[in-house]
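Enquirer: Sequence:
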Amino acid sequence: MRTRRIAAAVLVTFLASSAPLTAVAQDDPVTVQARARFKEGVDFYDKGQYENARLAFLQAYALKKHPAVLLNLAQSTAKANHPLEAAKYFQQFLKEATTATPQQKQDAENGLAEVRQKLGRIEIIAPAGTEITLDEKERLGTTPFAEPIDVEPGAHALKSPSETVRVTANAGQKVQARFGGGGGAAAAPAVAPIPPPATSTPSTPPQAEPEAAPSERPPGSDARPKHTNLLTPPANMTPVYIGLAAAGVGIAGAIIFAAFKSDAQTKADSVANEIRRAAGPNASGVCNRSDAATVQRFGEACTTLRQNMDKVDTNAAIANVSLVVMGLGLATAAGWYLFAPKREDAATQEGSASSKAVAPKPPELVPYAGYGNGGFVFSGEF
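Just so you know, we're using my numbering here: the sequence shown kicks off at 301 and counts up by one.
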């Protein structure tokens, strides 16, 4: 409930601070889109859909760099289990949000402390001015650093122009990486809790099972308890193939339309930035002005911006539907594979039927399919 109150309070702050001062500015397409994405993020957050909330807040922040959006982005990213990304957003908020309320700062500090329990931290000790690279792909800058850096738990390599130091960072712990002849000091291993001693029981020799009495069952009957292995393939694999095919179509659609959505969002952001640069101080609401000069100068760009934002919404909807199709396909395939009648069960039933007297088998109509043919088989005993 506390996080929902925070999201609601920040929503009010964002809407109030982004509310235009004139009637014309209220329809500025960039602000309208940012506000819409922010509201979507709050709705997703309240429903517990944290990954969707993270994406919505990320879009809103790309359109409008507002502290309220950044704090919600950090919180939803943490809830969506992206602790390293969330830590960066919390740190950015604490550094840049100079007008934040004490409660907002406290929430950001608490959130940062919480996600750092899932991260390792590396304290870099090196001569001043040493340029450091993390894992050969991320330039951290030059020493000294104000505080230890946050990293995912595991092994990491830090490289200076003349030396490479390897360390292992454990979740919730800090380790030192020392340059300049000291080598890399590994973190002290975490003390694992010692399990309570197992209760000692007197050792007893295995007892031979008594010889089973002659079975009164008819020959060929199976007197052993039946244990079905869920991983045994089912007798009919067709629903599994259909489910996997649907899942493949779904994931392909999700990837394709997510790429289309990202492309449209990038184009929309680019057009919006061009409009702001061209219009200068008068950029607010420029796409809603009707005077001939403005229409002639910005009409085409504003139309392109609206078209791209429509594409963003359409492609996002199709990508979400594709994900649902993928999930249903996988669930169908997995459910049928695990719980449908197994091949070994069918073989056991056939063997039992051939060796003991049973009631006549009722007629049944069984579909079959093969390469180049198919149909139905009508079988039974009369």
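Treat the hints as calculated values from the structure; they're not laboratory data.
Among the hints, erroneous ones may be present.
Straight-line distance between alpha carbons at most 30 Å, and here's what the computed DSS-like set of lysine-lysine pairs gives [unchecked claim]:
| hint | residue 1 | residue 2 |
| --- | --- | --- |
| 1 | K347 | K611 |
| 2 | K365 | K379 |
| 3 | K418 | K405 |
| 4 | K405 | K459 |
| 5 | K474 | K437 |
| 6 | K365 | K388 |
| 7 | K364 | K642 |
| 8 | K395 | K365 |
| 9 | K474 | K395 |
| 10 | K395 | K405 |
| 11 | K437 | K611 |
| 12 | K437 | K379 |
| 13 | K379 | K405 |
| 14 | K388 | K339 |
| 15 | K339 | K395 |
| 16 | K395 | K437 |
Note that this is a predicted model, so its numbers are computed, not measured.
Enquirer: For every hint, state whether the structure bears it out.
Expert: Do the hints match the structure? See the list:
no., hint, in the structure
1, K347 with K611, "25 Å, holds"
2, K365 with K379, "21 Å, holds"
3, K418 with K405, "21 Å, holds"
4, K405 with K459, "34 Å, violated"
5, K474 with K437, "21 Å, holds"
6, K365 with K388, "15 Å, holds"
7, K364 with K642, "57 Å, violated"
8, K395 with K365, "14 Å, holds"
9, K474 with K395, "22 Å, holds"
10, K395 with K405, "10 Å, holds"
11, K437 with K611, "34 Å, violated"
12, K437 with K379, "27 Å, holds"
13, K379 with K405, "18 Å, holds"
14, K388 with K339, "23 Å, holds"
15, K339 with K395, "25 Å, holds"
16, K395 with K437, "25 Å, holds"
When the structure is compared with the earlier hints, violations turn up for hints 4, 7 and 11 and for no others.
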